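Taking my numbering, the leading residue of the sequence shown gets 463, the next gets one more, and so forth.
Calculated directly from the structure, the hints in this document are not laboratory data.
Predicted, not measured: the structure shown is a model, and the values here were computed from it.
Worth double-checking, as some hints may not be accurate.
[As the list claims (entries may be wrong)] Each pair of labels, with its calculated beta carbon distance range:
| # | residue 1 | residue 2 | range |
| --- | --- | --- | --- |
| 1 | G544 | G745 | 46 to 56 Å |
| 2 | P686 | V723 | 52 to 62 Å |
| 3 | S706 | A522 | 20 to 30 Å |
| 4 | P646 | G745 | 54 to 64 Å |
| 5 | L643 | K700 | 14 to 24 Å |
| 6 | A559 | L738 | 46 to 56 Å |
Idealized CB from N, CA, C, for every residue including glycine.
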Amino acid sequence: MSLTYVRRESPAAATSPGRRAPQRPLSTLRWVFTGAWLTVGLLTIWAACYLVFVSGIQHARTQHQLYATFRAQAAQTFVPFGGLIAPGTPVAMVSAASAGLKDEIVVEGTSSQQLREGPGHLRTTPMPGQPGVSVLYGRSVSFGGPFGDLSSMHIGDSISVTTGQGVFAYSVSGVRHAGDLIPPLAAGGSRLTLVSSQSSGWRSGWAPESVVYVDATLNGQSQPDPGGRPRAVPPAEKLMARQSDPLTLMTILLWLQLLVVTAGLAAWAQARWGRLQVWLVGGPALLAGLWGLSDGAAALLPNVF
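Given only the sequences and the hints, what does the whole structure look like? Please build it.
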C-alpha cells in the first residue's frame, strides 16, 4: 500500500509577493450604493447648470419674444395699463444701467411661472407712472437673474420704465432690506419699488437668503390710474412664494416617470443593441426628460430666486 503526501503551503507563502490572492467581486449592494451616489451627483450638477445657465437661455428666448410683442402693441397704443390684466401679459419695459437692466420686459403677475419670463408686476399695485407705489418682483439667480444686481444700486441712480401711458424716469431714493422702515410717500406721489433676493458670504451669487428692496421716486408728472385692479393675489404670487399646486406636482411626477422609463429602456437596449446606438437614440430623450423635470421643479423654488 502506497502513501500519498499532500504538501501544504504556509500562510506566509500563500500571501507572498509572488502570488496574488484571489480577488472577491464587488457585492451587488456596493454597486447599488455606488450607482445611487453617482446618479445623485450627476443630477445635482445638472440642476445647478440648469438654474444658472440653461434657464438663462430659456429666459433670453422668452424675453426676445415678449419684446417683439410689446413693441408691436406699443406701436398700436394697445399696451394695457389698468383694469384686470391677464397674468403673463407684457405691460412694461424697464432699464437701469447700474443694475444691468436693458429693455427688460415686465409681465403681469408675480408667481413663479410668470417670473420665469421676466420681472413681474404685483397686480394689487398701480402700474409704473401712476400715483402710489408700483411694485415689481424679479429673480436674482435663475432664469437670467434680471434683478440679481439690485443691491449694487445707489441713491440717485436712474431707472427708466415704459408703459402704455408713456416713458417714466425714476431716481433711486434708497436700498433697504427686510425689517427696514418703509419711507413715507407724499400725497399724489409715485414710487417704484423693485424687489428681489440676495445673498452674502459663502452663499453669495448662488443661494439667496434674504430680500432686497430698491425704492425710486418718479421725476415729473404721474399719469391717471384707471383702477380696476384686484384687491388680493393668490398665495403663489406673494413674495418668496413657491408654486406647489397639484397641477405643478403632477407635472413633476409625470416628467419623473418619463425619465425613469427612458433610463430603464436605455439600460435594457444597451445590452442588446450597442452603446453608441443607444446614446444616439436615447440621449435626446433623456435630455428632454431632464429639462422638463428641472423646469417643473424650478417652480418649487421661491419666486424671486
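Against the structure, the hints:
1. The supplied range of 46 to 56 Å is met by G544 and G745, whose beta-carbon atoms lie about 49 Å from each other.
2. Between P686 and V723 the CB atoms are about 57 Å apart, so this pair conforms to the stated range of 52 to 62 Å.
3. Between S706 and A522 the C-beta distance comes to about 27 Å, which sits within the given range of 20 to 30 Å.
4. At roughly 59 Å, the beta carbons of P646 and G745 sit within the given window of 54 to 64 Å.
5. Judged by the Cβ atoms, the range 14 to 24 Å given for L643 and K700 holds: they are separated by roughly 21 Å.
6. A beta carbon spacing of about 50 Å between A559 and L738 agrees with the range 46 to 56 Å that was offered as a hint.
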